[in-house]
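*Asks:* All chains should be built: construct the whole structure from the sequences, respecting the hints.
There are 2 protein chains.
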Amino acid sequence: MNFTTSDKISVQKIEKSRINEVDFDNLTFGKDFSDHMFECDYINGEWVHPTIRPYGPLTISPAAKVFHYGQAVFEGMKAYKDANGKVFLFRPDQNHARINKSAKRMAIPEFPKDIFFEALHKLIDLDRDWVKPGNGNSLYIRPFVMATQEGVSASPSDQYKFMILLSPVNAYYTGDVKVVVAEEYSRSANGGVGAAKAAGNYGAQFYPTNLAREKGFQQVIWTDANEHKYLEEAGTMNVFFRINDTLYTAPTSDRILDGITRKSVIALAKKDNIPVEERPILVSEIVEASKNGTLKEIFGAGTAAVISPVSTFNYKDVTYELPPTAGGYSTKFKKELTDIQYNISEDPFGWRYEV
Amino acid sequence: MNFTTSDKISVQKIEKSRINEVDFDNLTFGKDFSDHMFECDYINGEWVHPTIRPYGPLTISPAAKVFHYGQAVFEGMKAYKDANGKVFLFRPDQNHARINKSAKRMAIPEFPKDIFFEALHKLIDLDRDWVKPGNGNSLYIRPFVMATQEGVSASPSDQYKFMILLSPVNAYYTGDVKVVVAEEYSRSANGGVGAAKAAGNYGAQFYPTNLAREKGFQQVIWTDANEHKYLEEAGTMNVFFRINDTLYTAPTSDRILDGITRKSVIALAKKDNIPVEERPILVSEIVEASKNGTLKEIFGAGTAAVISPVSTFNYKDVTYELPPTAGGYSTKFKKELTDIQYNISEDPFGWRYEV
Ligand SMILES: Cc1ncc(COP(=O)(O)O)c(C=O)c1O
Ligand SMILES: Cc1ncc(COP(=O)(O)O)c(C=O)c1O
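Keeping their order, the protein sequence lines are chains A and B. Each number in this note's numbering comes from the position in the first sequence (counting from 1) with 5 added on. Each number in this note's numbering comes from the position in the second sequence (counting from 1) with 5 added on.
What the hints contain is simulated information worked out from the structure, not anything from laboratory work. Yeah, the Cβ is synthetic: ideal placement off N, Cα and C, and Gly gets one too. The reader is advised that the hints may include incorrect statements.
[Claimed, not checked] Calculated Cβ distances over 12 Å to all of chain B for the following chain A residues:
1) Ser-15
2) Ala-194
3) Ala-272
4) Val-281
5) Glu-282
6) Ser-289
7) Lys-340
[As the list claims (entries may be wrong)] Derived pair list, reagent style BS3-like, types lysine-lysine, alpha-carbon separation capped at 27 Å:
8) B/Lys-36 x A/Lys-109
9) B/Lys-106 x A/Lys-109
10) B/Lys-109 x A/Lys-183
11) B/Lys-234 x A/Lys-234
12) A/Lys-220 x B/Lys-106
13) A/Lys-109 x B/Lys-321
14) A/Lys-109 x B/Lys-220
15) A/Lys-106 x B/Lys-220
16) B/Lys-321 x A/Lys-321
17) B/Lys-109 x A/Lys-36
[Stated by the list, open to error] Which residues of chain A face chain B? A few of them, derived with a C-beta cut under 7 Å, are:
18) Gly-35
19) Lys-36
20) Leu-63
21) Gly-156
22) Gln-164
23) Met-168
*Replies:* Laid out in structure tokens, this is it:
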């Protein structure tokens, strides 16, 4: 084994790559992992031992607080390869800022920006061949932090592990998405942790999402927990509504994740002189707009799915059809975003970050 | 799920007990663990390989869903030893029913009752010496289930691990408890997972509880997320209020844990002809009752803390003092409960369960 040391990160390379065992044309999202992973521990008030080592299992106490109290946060990013083999991230500073915002809400210590970026550089550099070119192909990057202190009392951990895993992926969704508007269950509370990428927010959605799936819908659009009157976001996407030519999306709040794709779509719309309104959106408005033919599009926006057009939405057991998406905003924004991500177009906002 | 015979649990005993390394008079809650633990895996739709083995670390993928999506639930129980060395649990059927209720909400498969009980019997039998007699001493029992499938896509795991850990404890709180009534943060949403002992519910409380601690309060009493007008429960306790001679506690809902201590206190109160009302309680009522001298007691009720009298509560930066607790309901219920738990009194409700 090769051990090299940089300024900070110690690197232990794999002996033999697993890359030939992976069928890159038929990937299941988040199932395969690259050769290496990054790991860094928080002990005695300090982040120590930043290490890259072969992807593999952890040895961890069954009393680690993450198992009992869900004290854990994560991020989702992607690396994209252009036609010349250059690799880019998309607005990674935003992911770093957000994991620390999430961490704060979950009483987890912040992770230093310099190690975050150095880890991304070194790790992606080692596993560069795992980033495949071609639209839809990318290397999904999963930074996360979890509470590792051994102890079953409900109080913040004094030890944490920060890690980065890399998983090669193809496009997330195939085809249009059917959604149901939440009427009974909810995703987050005022004053809760909905704005954080806290682990428990996701597990909490599995049961109501299963109920939706049994009825033939892939996703739930969550509404406010209080009255179920306002549309908020989907499980892993923010949601946009187009009525006539105006784009609407819910404002961010302590219940809604401040999505990077969401803010990028808003920026692109403004640049393109498309009117955008960030304001609370009544379910009844959307139903009404669907009935009178002014509702042109609904689409989700998120790192995993990029832009995901909704074909039908269901509310109070009535299904509303959306017009065909060809030529709409969703197609346009998807192209504009991915052209920037894959280094096909100019990058007027400086969103690309080469690694 | 056909586990009916006791031969199904395989047992691997420790070579040398660690019991002499533990100072049983000075325990930190949830820090020390007994010699053995129980483990059972859910694979291909079945709970398999129920095993008791020496307490020790797990080997687990860093991509296990529990780390990323907080898909995990737990229980908290205690074993009590009487003066003759007999060991008892308190209403363990309730914990089994509740872990399955929590599991359902978190899209986790239910755990069979027969293995749950058989595991408790065998495990406690092996580690019987870890249950120390004497009021306040007990062996805290932590059953939990976590998602173990390797994969970073936000969907339910297809593999789980159910475990039971044992941790010797002394009394949980020392002295009276100062609490603050939540005005900004909240614990759970209508239609959320507050009624489940879902891991993420606890981590989500750490930050606001830290803020309360910095101001000198040990606990937060959560209010409804919508208006912060109604008193709900504390972090790991349900809460009772005594105005004149009547006891009030919030009704259970999808936001509030259906506590076993809570329902036991209600049953004891009814037996003792103490009026009890389960109904929404306004913060303003309690403030008013404190001002006019009719608020006699506030106490928390939960397995870890048993009955925990509140000495002061803070609301909108005003601190309200409670009268001294001696001779009150909290003292009475604590004695009645622990007398049943430690086999000192009769057990009119059949709550004791010998192991
Ligand atoms: C709850 C939630 N909303 C929205 C998003 C979209 O955010 P982003 O565009 O930063 O990926 C995600 C995924 O990250 C999410 O988990
Ligand atoms: C949120 C919450 N409320 C109340 C309780 C008290 O429940 P029990 O009396 O069953 O221990 C607990 C602890 O289990 C809890 O976690």
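*Asks:* Work down the list of hints and note, for each, if the structure agrees.
*Replies:* Hint by hint, here is what the structure shows:
1. Once the 12 Å rule is applied to beta carbons, A/Ser-15 is consistent with being away from chain B; the minimum gap is 17 Å.
2. Listed as a non-interface residue, A/Ala-194 fails to keep its Cβ farther than 12 Å from every Cβ of chain B; the least gap is roughly 3 Å.
3. Listed as a non-interface residue, A/Ala-272 keeps its Cβ farther than 12 Å from every Cβ of chain B; the least gap is roughly 26 Å.
4. Residue placement check: A/Val-281 keeps its beta carbon more than 12 Å from all beta carbons of chain B (closest about 27 Å).
5. The Cβ of A/Glu-282 lies farther than 12 Å from every Cβ of chain B, with a closest approach of about 25 Å, so its non-interface assignment holds.
6. Against the 12 Å criterion, A/Ser-289 stays outside the reach of chain B, whose nearest CB is about 19 Å from its own CB.
7. The claim that A/Lys-340 lies off the interface holds: its Cβ sits roughly 25 Å from the closest Cβ of chain B, which is beyond the 12 Å cut-off.
8. For the proposed pair B/Lys-36 and A/Lys-109, the alpha carbon gap of about 25 Å is at most 27 Å, so the pair holds.
9. For the hint pairing B/Lys-106 with A/Lys-109, the CA-to-CA distance comes to about 30 Å; that exceeds 27 Å, so the pair is violated.
10. Taking the CA atoms of B/Lys-109 and A/Lys-183, the gap is near 24 Å; set against the 27 Å cutoff, the hint holds.
11. About 21 Å separates the Cα atoms of B/Lys-234 and A/Lys-234, which keeps this hinted pair within 27 Å; it holds.
12. At most 27 Å may separate the alpha-carbon atoms for a hinted pair to count; A/Lys-220 and B/Lys-106 meet this at roughly 22 Å.
13. Taking the CA atoms of A/Lys-109 and B/Lys-321, the gap is about 24 Å. The hint holds against a cut of 27 Å.
14. Restraint check: the Cα-Cα separation between A/Lys-109 and B/Lys-220 comes to about 18 Å, which is no more than 27 Å; the hinted pair holds.
15. A distance of roughly 22 Å separates the Cα atoms of A/Lys-106 and B/Lys-220; the hinted pair therefore holds under the 27 Å criterion.
16. Proposed proximity of B/Lys-321 and A/Lys-321 is contradicted: the alpha carbons are some 40 Å apart, above 27 Å.
17. Under the criterion of a C-alpha separation no larger than 27 Å, the hint pairing B/Lys-109 with A/Lys-36 is consistent with the structure, at around 25 Å.
18. This hint holds: A/Gly-35 has a C-beta 4 Å from the nearest C-beta of chain B, less than the 7 Å allowed.
19. A least Cβ separation of about 5 Å between A/Lys-36 and chain B falls short of the 7 Å threshold, and the interface hint therefore holds.
20. Contact between A/Leu-63 and chain B, as hinted, is supported at the beta carbon level, the nearest pair being about 5 Å apart and thus within 7 Å.
21. For the restraint placing A/Gly-156 at the interface with chain B, the shortest Cβ-Cβ distance is roughly 5 Å, inside the 7 Å limit, so the hint holds.
22. Against a cut-off of 7 Å between C-beta atoms, the interface hint on A/Gln-164 is violated, since the closest Cβ of chain B lies about 13 Å away.
23. With a least beta-carbon distance of about 6 Å to chain B, the hint placing A/Met-168 at the interface is held under the 7 Å criterion.
This entry does not satisfy hints 2, 9, 16 and 22, going by the numbered hints stated previously.
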